[in-house]
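Enquirer: Sequence lines, in order, name chains A and B.
Those letters in the first sequence? Residues 14 to 346, by the numbering used here.
Those letters in the second sequence? Residues 3 to 191, by the numbering used here.
Some hints here could point you the wrong way.
Unchecked claim - Below 27 Å or equal to it, Euclidean Cα-Cα: the simulated DSS-like pairs (lysine-lysine) are:
{"id": "1", "chain 1": "A", "residue 1": "K334", "chain 2": "A", "residue 2": "K184"}
{"id": "2", "chain 1": "B", "residue 1": "K141", "chain 2": "A", "residue 2": "K18"}
{"id": "3", "chain 1": "A", "residue 1": "K184", "chain 2": "A", "residue 2": "K346"}
{"id": "4", "chain 1": "A", "residue 1": "K139", "chain 2": "A", "residue 2": "K184"}
{"id": "5", "chain 1": "A", "residue 1": "K225", "chain 2": "B", "residue 2": "K141"}
{"id": "6", "chain 1": "A", "residue 1": "K152", "chain 2": "A", "residue 2": "K334"}
{"id": "7", "chain 1": "B", "residue 1": "K141", "chain 2": "B", "residue 2": "K180"}
{"id": "8", "chain 1": "B", "residue 1": "K86", "chain 2": "B", "residue 2": "K67"}
{"id": "9", "chain 1": "A", "residue 1": "K225", "chain 2": "B", "residue 2": "K67"}
{"id": "10", "chain 1": "A", "residue 1": "K184", "chain 2": "A", "residue 2": "K152"}
{"id": "11", "chain 1": "A", "residue 1": "K18", "chain 2": "B", "residue 2": "K86"}
{"id": "12", "chain 1": "B", "residue 1": "K86", "chain 2": "B", "residue 2": "K180"}
{"id": "13", "chain 1": "B", "residue 1": "K86", "chain 2": "A", "residue 2": "K225"}
{"id": "14", "chain 1": "B", "residue 1": "K180", "chain 2": "A", "residue 2": "K18"}
{"id": "15", "chain 1": "A", "residue 1": "K271", "chain 2": "A", "residue 2": "K139"}
{"id": "16", "chain 1": "B", "residue 1": "K141", "chain 2": "B", "residue 2": "K86"}
{"id": "17", "chain 1": "A", "residue 1": "K346", "chain 2": "A", "residue 2": "K334"}
{"id": "18", "chain 1": "A", "residue 1": "K346", "chain 2": "A", "residue 2": "K152"}
Unchecked claim - Per the computed footprint, the stretches of chain A lying under chain B, defined by three or more beta-carbons under 8 Å from a beta-carbon of chain B, are:
{"id": "19", "segment": "20-29"}
{"id": "20", "segment": "34-41"}
As the list claims (entries may be wrong) - Which chain B residues face chain A? A few, computed with CB under 7 Å, are given here:
{"id": "21", "residue": "F31"}
{"id": "22", "residue": "S35"}
{"id": "23", "residue": "Y39"}
{"id": "24", "residue": "F59"}
{"id": "25", "residue": "K86"}
Derived from the structure by calculation, the hints contain no laboratory data.
Backbone N, C-alpha and C define an ideal beta-carbon position, used for all residues, glycine too.
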Amino acid sequence: MDDLKLLRDLGAELEHQPPPTLVRQRERILRARPRRRWSPWWAAGLVAVATSVAVAVPTVLVGDRSVSTPPAPAAPVDVSGARNVLVIGSDTRKGDGNAKYGPHSQDHGQRSDTIMIINLPADRGKATAVGVPRDSMVKIPRCGSDPARTSMINSAYNSGGAACLRATLEKLTGLRLHHTVEVDFTGFKGMVDALGGVTVEVPRPVDDRASKLRLPAGRHTLDGERALGYVRLRHYGDGSDTARMKRQAVVVKAMLTKARRIVGQPAQLRAFLAEVRRWVRTDLSLEEMYELSRQLGGTTMSYVSVPWEPAPETGNRLRWKQPAADRLFDSLK
Amino acid sequence: MITQPAVRGADADLVRASWTEPEAFAELFDRYSAMLYRYVSRRLGPEPAEDLVGETFLVAFSRRKSYDLAYQDARPWLFGILTKLVSRHHRSEAARYRALLRAPVDADVESPADRVAAGVSAQALRAELAGALATLSAKDRDVLLLIAWGDLTYEETAQALGIPVGTVRSRLNRGRRKVRAALGDMEEE
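Go ahead and model the full structure; you've got the sequences and the hints to work with.
Expert: Printed below as a string of structure tokens:
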């Protein structure tokens with residue numbers, strides 16, 4: 014008896030016909046398309062990292078130790094009261110070592126890949142991070158030489174930089190955005206390196222051609238470059254997005270663990286934050302970051318997204334869902 | 003399985019078109035999603051199949067610019083991506099085959115027509131076949147099933163897995179030997 018024939022028969026017996034719902038997967042490609050274009054792998058990781066820079070790292074670093082007296086700041090700073098911080102993960106690939114992560118994108122300038130508003134209420138009890146979908150169609154006010162227009166929100170950043178994005182969002186949300194923090198590829202690597210690497214448990218061996226990352230299974234301390242490769246892996250584990258996001262969360266958690274271990278002293282916190290500042294672009298001074306991080310010792314963080322719906326006239330874009338979006342921002346005032 | 007190459011326009015033309023017009027990629031989905039679904043439903047069952055087909059096309063879409071346009075037929079490329087995704091489920095795949103060892107003969111058959119098509123012999127020998135599949139190494143199983151269930155040629159299998167044709171032959175031979183051995187054992191008993 015022909016074994017291949019028997020196998021084919023078995024296959025026919027095990028086979029299922031595609032259900033009508035399979036077409037959903039087709040929509041998934043089309044829906045994912047514009048976002049994919051604007052949203053490489055690291056968006057989710059960046060949200061976490063950027064947030065951890067802006068809020069969580071200082072929170073963990075200071076934590077219970079906020080009782081210890083910090084060295085007197087050079088100049089007194091006031092960061093009390095409600096604060097809103099605009100966090101921008103940009104995929105600028107110009108200059109300093111970013112180019113090799115995306116040679117195709119060099120001509121396109123910077124793109125805001127992740128946009129978040131972090132709301133810190135006056136009592137610093139519960140912080141809220143509001144994710145803004147990048148492909149939201151919004152009214153963008155006049156910025157510099159660019160006229161006012163209705164366009165995707167990240168075009169405000171692409172052409173007008175952080176200042177324009179900030180002005181756009183202030184107008185849209187009615188919130189005052191006190192500070193901006195921008196992070197990019199190099200920033201992620203730099204922060205990992207500033208921590209002296211992160212230690213993660215690698216469940217299965219890694220051999221990834223795309224990121225040139227090779228790791229046997231087990232515990233590893235990864236430098237910035239390899240940590241970046243690790244969170245970028247696409248075809249690893251079950252290959253799903255959720256698995257990748259989990260990996261990113263593991264790396265961020267490892268960063269926090271490492272941060273907690275190496276920074277036990279206000280002086281060292283200051284030194285670490287100084288290092289972090291090298292890797293992010295922000296209008297927050299070192300003293301302000303320090304003060305802010307001291308105040309955030311007991312703060313908990315929740316994540317929400319601006320309520321959105323498909324924008325019918327533009328196909329793949331989104332628009333903010335009203336009145337839900339306004340209600341969300343009103344609740345933060 | 004329906005594995006006929008598409009009628010109008012080579013796959014490579016579609017992939018090429020999708021470089022500038024991403025919408026063109028959806029046409030590839032229309033051509034091959036059902037075929038890939040059937041294939042993966044054989045290996046992993048219907049539950050994960052839908053999502054894996056979607057993932058396959060998402061991965062393919064993200065890599066469309068590195069597609070080698072010299073290959074007119076995109077099936078090996080898609081099967082290659084799908085095979086990698088399937089390999090993340092190797093435990094549940096093996097468990098599925100092992101379950102067939104225990105299952106009553108009619109359990110998985112969808113309709114009487116399928117049953118007739120499947121033939122009695124495969125049904126009768128199902129436990130042995132499934133047992134053999136469960137014990138094959140992942141590499142041998144990928145080759146054997148791409149050929150037996152995916153209807154790929156040796157060359158297409160080599161292309162899908164990125165291995166030389168000689169390796170395809172040796173893995174296929176090893177896989178078939180094990181299947182035959184399992185069937186032989188049964189006959190002796």
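Enquirer: With reference to the structure, classify each hint as holding or not holding.
Expert: These are the hints, each one checked on the structure:
1. A/K334 with A/K184: 16 Å, holds
2. B/K141 with A/K18: 20 Å, holds
3. A/K184 with A/K346: 14 Å, holds
4. A/K139 with A/K184: 24 Å, holds
5. A/K225 with B/K141: 23 Å, holds
6. A/K152 with A/K334: 14 Å, holds
7. B/K141 with B/K180: Distance ~13 Å between B/K141 and B/K180 Cα, so the pair holds.
8. B/K86 with B/K67: Status holds; Cα separation ~19 Å.
9. A/K225 with B/K67: 19 Å, holds
10. A/K184 with A/K152: Cα-Cα ~9 Å, so holds.
11. A/K18 with B/K86: 25 Å, holds
12. B/K86 with B/K180: 23 Å, holds
13. B/K86 with A/K225: With a Cα-Cα distance of about 18 Å, the restraint between B/K86 and A/K225 holds, given a limit of 27 Å.
14. B/K180 with A/K18: 15 Å, holds
15. A/K271 with A/K139: 24 Å, holds
16. B/K141 with B/K86: 11 Å, holds
17. A/K346 with A/K334: Holds, at roughly 19 Å.
18. A/K346 with A/K152: Within the cut-off at roughly 21 Å; holds.
19. 20-29: Holds, because 10 residues of the segment 20-29 of chain A bring their Cβ atoms closer than 8 Å to Cβ atoms of chain B.
20. 34-41: With 6 residues close enough to chain B, the hint holds.
21. F31: 5 Å, holds
22. S35: 6 Å, holds
23. Y39: 4 Å, holds
24. F59: 5 Å, holds
25. K86: 6 Å, holds
The structure shown violates none of the earlier numbered hints.
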